[in-house]
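Participant: With the hints as extra help, turn the sequences into a complete structure.
In order, the protein sequence lines correspond to chains C and A.
The numbering of the first sequence is my numbering, which starts it at 1 and goes up by one.
The numbering of the second sequence is my numbering, which starts it at 269 and goes up by one.
There may be inaccurate statements among the hints.
Unchecked claim - With a Cα cut of at most 25 Å, we get these calculated SDA-like pairs of lysine to any residue:
| no. | chain 1 | residue 1 | chain 2 | residue 2 |
| --- | --- | --- | --- | --- |
| 1 | C | K110 | A | E469 |
| 2 | C | K110 | A | M491 |
| 3 | A | K393 | C | Y72 |
| 4 | A | K393 | C | L71 |
| 5 | C | K116 | A | V381 |
| 6 | C | K110 | A | Q480 |
| 7 | C | K116 | A | A572 |
| 8 | C | K116 | A | E388 |
| 9 | A | K393 | C | H69 |
| 10 | A | K578 | C | N160 |
| 11 | A | K461 | C | D70 |
| 12 | A | K461 | C | Q109 |
| 13 | A | K578 | A | R484 |
| 14 | C | K116 | A | F479 |
| 15 | C | K116 | A | E469 |
| 16 | C | K140 | A | T477 |
| 17 | A | K461 | C | I98 |
| 18 | C | K116 | A | A462 |
| 19 | C | K116 | A | V487 |
| 20 | A | K461 | C | P73 |
| 21 | A | K393 | C | F32 |
| 22 | A | K461 | C | P97 |
| 23 | C | K140 | A | R484 |
| 24 | A | K461 | C | N75 |
| 25 | C | K211 | A | E469 |
| 26 | C | K116 | A | T477 |
| 27 | C | K116 | A | P464 |
| 28 | A | K578 | C | R157 |
| 29 | C | K110 | A | T477 |
| 30 | A | K393 | C | G74 |
To be verified - Computed, partial: chain A to chain C, Cβ under 10 Å:
| no. | residue |
| --- | --- |
| 31 | P391 |
| 32 | H392 |
| 33 | P464 |
| 34 | M465 |
| 35 | H466 |
| 36 | I467 |
| 37 | R468 |
| 38 | E469 |
| 39 | A470 |
| 40 | S471 |
Treat the hints as calculated values from the structure; they're not laboratory data.
All C-beta atoms in this analysis are idealised placements derived from N, C-alpha and C, irrespective of residue type, glycine included.
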Amino acid sequence: MVELAEMTPTVTAAPPALKAESKNVSFFYGAFQALKKVNVNIADKKVTALIGPSGCGKTTFLRCFNRMHDLYPGNRYQGEILLHPEGVNIIGPEVDPIEVRMRINMVFQKANPFPKSIYENVAYGLRIRETNSRSVLDGKVEQALRHAALWDEVKDRLQNLAFALSGGQQQRLCIARALATDPEIVLFDEPTSALDPIATARIEELIGELKKSVTILIVTHNMQQAARVSDYTGFMYLGELVEFDVTGKIFTNPSNKLTEDYVTGRFG
Amino acid sequence: MTTATAPLIRRPPTATRFARRPAGRIKRLRERLIETLLFLAAASSIAITAGIVGILFFESLAFFKQVSLVDFLTDRQWTPLFDDAHYGILPLLSGTLVTAGVALAFALPVGTVTAIYLSEYAPHKVREVVKPFLELLSAVPTVVFGYFALLFVTPLLQRIIPGLPGFNMLSAGLVMGVMIIPYVSSISEDAMKAVPMHIREASYAVGATRFQTSVRVIVPSAMSGISSAYVLGFSRAIGETMVVAIAAGMQPNFTWNPTEPAATITAYIVQVALGDLPHGTIGYQTIFAAGLTLMLMTLAFNIAGYFLRKRYREIY
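Facilitator: The following block contains the structure:
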């Protein structure tokens with residue numbers, strides 16, 4: 001047995017630890033069913049991408065992970081999203097959405113800094129957790145801005161209004177804001193769709209760095225982006241998960257015809 | 269038979285859109301006339317404002333020829349109609365500021381909290397019911413508010429504060445506050461509602477509660493609109509006449525104590541304007557000096573409000 005294992009080249013590495021898994025997740029906007037029994041495993045400290053044409057439910061699925069749908073009336077979840085290591089079902093009605101959002105942060109499609117200073121934007125998540133010690137905040141803010149590769153550009157003007165930054169810098173500021181509270185998962189909802197190619201490249205590079213310390217789930221319209229940044233990719237269509245696999249396989253050798261048509265640009 | 273040979277698409281007649289029309293001169297003249305009329309309509313409001321300010325200044329000038337500005341600003345008595353006449357604006361000013369202060373101390377917090385509730389907490393159905401009711405509050409004639417203060421609120425307050433006079437600034441100020449709430453809450457709520465949803469989502473996404481989002485993000489984001497609401501509320505409180513004239517009394521009284529009776533600038537003007545003072549006497553001119561003071565105060569606050577709005581302009 002031992003010999004065999006040594007002889008067989010390891011085509012696939014040992015399966016990585018699981019950070020979250022969705023089990024038969026369905027979601028309803030009122031009477032409209034936007035997700036149909038989606039099953040995805042989210043690997044710990046990896047990048048998982050969701051691709052698919054507009055309206056396929058990928059953003060809806062992403063927003064289940066931090067209970068964003070709870071902000072609007074008439075929405076309903078079904079199934080389970082288990083967050084490991086505890087295995088708690090974060091879409092269960094008994095779970096407080098605020099508790100979930102404390103552990104799973106989000107970066108939005110359009111940079112949405114608060115009308116506050118750069119410093120206060122990053123410190124916001126800490127302040128609402130009653131962290132008010134100046135030295136703790138200073139340290140955390142610097143660390144988050146360094147993580148988001150923004151520190152060198154803003155360290156001399158932390159008290160300036162966040163709107164003074166460029167679009168790409170604002171998006172990295174939003175990433176810093178999401179990182180400041182040490183989340184376990186960061187959700188990216190098409191984070192570069194409003195950015196130019198250079199700013200996009202910086203964010204992609206950043207995502208590659210971040211996965212060393214945090215689990216990332218990203219929704220993107222841009223298939224090259226998914227191919228560049230992610231380890232796993234799920235292809236969604238009409239509210240269903242059509243295929244989920246290692247990114248390389250999805251883009252080079254998908255098992256489903258629909259996936260193949262989409263990634264080769266035949267529709268979508 | 270001719271129809272069969274007719275082309276499928278007919279050319280338009282040559283002289284259609286860009287043809288020169290006769291009587292171009294008359295048409296141009298008419299355009300000029302319309303423009304002039306529109307300009308006059310717009311200019312009339314400016315002219316009327318300028319006229320009011322002009323008369324205020326002119327009549328006040330006549331007043332200040334007889335009473336020195338120093339006396340006007342420092343004398344602690346206002347008795348222009350007595351034999352021993354004093355022309356110190358301070359008693360009227362204190363009356364105005366105390367009633368307005370009481371009104372704002374009540375209306376600004378309540379109005380802001382109402383706005384936060386309506387914008388951030390209230391379910392759609394509740395908002396649809398509460399908003400019209402609030403706006404109805406501003407449809408109540410101010411005379412009614414005045415009598416409400418005098419005949420209902422004052423007796424109520426007298427139970428809590430024994431020895432409270434029948435006329436007092438506290439009751440007038442509180443009722444005036446109730447009157448101002450819809451202005452403050454309505455404009456503040458519009459400003460809060462105008463804060464885009466993605467700003468709210470950003471706050472919720474890092475784990476903020478609804479209260480934290482409202483207080484730390486929505487209110488600061490809407491500060492420009494909220495400060496407009498406050499300035500408007502202040503102007504209303506300073507300029508309000510009926511409530512204070514009825515409920516706070518007509519006696520000029522230099523005091524900062526809201527439980528005492530005192531006349532405000534507006535109450536004085538009503539009182540004197542209703543009497544039959546001969547044109548051109550100093551008593552008659554006091555109205556204009558008082559009116560000018562009032563106008564300068566509101567103007568100062570509007571200017572302050574303008575800079576406040578600029579400072580907190582919406583930039584999301």
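Participant: A separate judgement is required for each hint: does it hold in the structure or not?
Facilitator: Hints, verified against the model:
Simply put, K110 of chain C and E469 of chain A have alpha-carbon atoms about 11 Å apart, close enough for the 25 Å limit, and the pair holds. With a CA separation close to 23 Å, the supplied pair K110 of chain C and M491 of chain A stays within the 25 Å bound. Taking the CA atoms of K393 of chain A and Y72 of chain C, the gap is about 14 Å. The hint holds against a cut of 25 Å. At most 25 Å may separate the alpha-carbon atoms for a hinted pair to count; K393 of chain A and L71 of chain C meet this at roughly 17 Å.
Proximity of K116 of chain C to V381 of chain A is assessed by CA-CA distance (about 22 Å); at most 25 Å being required, the pair is judged to hold. A C-alpha spacing of about 22 Å is found between K110 of chain C and Q480 of chain A, which places the hinted pair at or below 25 Å, so the restraint holds. As the CA atoms of K116 of chain C and A572 of chain A are separated by approximately 22 Å, the hinted pair is consistent with the 25 Å bound. Distance check on the hinted pair: K116 of chain C and E388 of chain A sit about 20 Å apart at the alpha-carbon level, within 25 Å; holds.
For the suggested pair K393 of chain A and H69 of chain C, the alpha carbons sit about 20 Å apart, so the restraint of at most 25 Å is met. Note on K578 of chain A and N160 of chain C: the hinted pairing holds, with a Cα-Cα distance of about 17 Å set against a maximum of 25 Å. Taking the CA atoms of K461 of chain A and D70 of chain C, the gap is about 19 Å. The hint holds against a cut of 25 Å. Between the alpha carbons of K461 of chain A and Q109 of chain C the distance comes to roughly 21 Å, so the proposed pair stays at or under 25 Å and holds.
A hinted pair counts as satisfied when its Cα atoms are at most 25 Å apart, and K578 of chain A with R484 of chain A qualifies at roughly 20 Å. For the hint linking K116 of chain C to F479 of chain A, the alpha-carbon distance of about 18 Å falls within 25 Å, and the restraint holds. In summary, the hint linking K116 of chain C to E469 of chain A is supported, as the alpha carbons are separated by about 16 Å, within the 25 Å threshold. The hinted pair formed by K140 of chain C and T477 of chain A meets the criterion: a straight-line CA distance of about 21 Å does not exceed 25 Å.
A C-alpha spacing of about 23 Å is found between K461 of chain A and I98 of chain C, which places the hinted pair at or below 25 Å, so the restraint holds. The hinted pair formed by K116 of chain C and A462 of chain A meets the criterion: a straight-line CA distance of about 17 Å does not exceed 25 Å. The straight-line distance between the Cα atoms of K116 of chain C and V487 of chain A is roughly 12 Å, inside the 25 Å bound, and the hint therefore holds. For the given pair, K461 of chain A sits about 17 Å from P73 of chain C by alpha-carbon distance, which is consistent with the 25 Å threshold.
Taking the CA atoms of K393 of chain A and F32 of chain C, the gap is about 23 Å. The hint holds against a cut of 25 Å. A hinted pair counts as satisfied when its Cα atoms are at most 25 Å apart, and K461 of chain A with P97 of chain C qualifies at roughly 23 Å. With a C-alpha separation of about 20 Å, the suggested pair K140 of chain C and R484 of chain A falls inside the 25 Å cut-off, and the hint holds. Restraint check for K461 of chain A and N75 of chain C: the C-alpha separation of about 22 Å stays at or below 25 Å, so the hint holds.
The hinted pair formed by K211 of chain C and E469 of chain A meets the criterion: a straight-line CA distance of about 24 Å does not exceed 25 Å. Taking the CA atoms of K116 of chain C and T477 of chain A, the gap is about 18 Å. The hint holds against a cut of 25 Å. Between the alpha carbons of K116 of chain C and P464 of chain A the distance comes to roughly 15 Å, so the proposed pair stays at or under 25 Å and holds. Restraint check for K578 of chain A and R157 of chain C: the C-alpha separation of about 22 Å stays at or below 25 Å, so the hint holds.
Distance check on the hinted pair: K110 of chain C and T477 of chain A sit about 22 Å apart at the alpha-carbon level, within 25 Å; holds. The hinted pair formed by K393 of chain A and G74 of chain C meets the criterion: a straight-line CA distance of about 14 Å does not exceed 25 Å. For P391 of chain A, the interface hint holds, the least distance from its beta-carbon to any beta-carbon of chain C being 8 Å, beneath 10 Å. Taking 10 Å as the C-beta contact cut-off toward chain C, the hint placing H392 of chain A at the interface holds, the least distance being around 8 Å.
The restraint placing P464 of chain A at the interface with chain C holds, with a minimum CB-CB distance near 8 Å, inside the 10 Å limit. For M465 of chain A, the interface hint holds, since its Cβ comes within 10 Å of a Cβ in chain C; the closest pair sits about 9 Å apart. Interface hint at H466 of chain A: satisfied, since its Cβ lies 4 Å from the closest Cβ of chain C, which is below the 10 Å cut-off. Given the 10 Å rule on beta carbons, the hint for I467 of chain A holds: about 6 Å separates it from the nearest Cβ of chain C.
Annotation: interface hint on R468 of chain A holds; nearest CB of chain C at approximately 7 Å, less than 10 Å. Checking E469 of chain A against chain C: minimum C-beta separation of about 7 Å stays under 10 Å; hint holds. A hinted interface residue such as A470 of chain A counts as satisfied when its beta carbon comes closer than 10 Å to some beta carbon of chain C; here the least separation is about 4 Å, so the hint holds. Hint status for S471 of chain A: holds, given a least beta-carbon distance of 7 Å to chain C, under 10 Å.
When each numbered hint is compared with the structure, no violation occurs for any of them.
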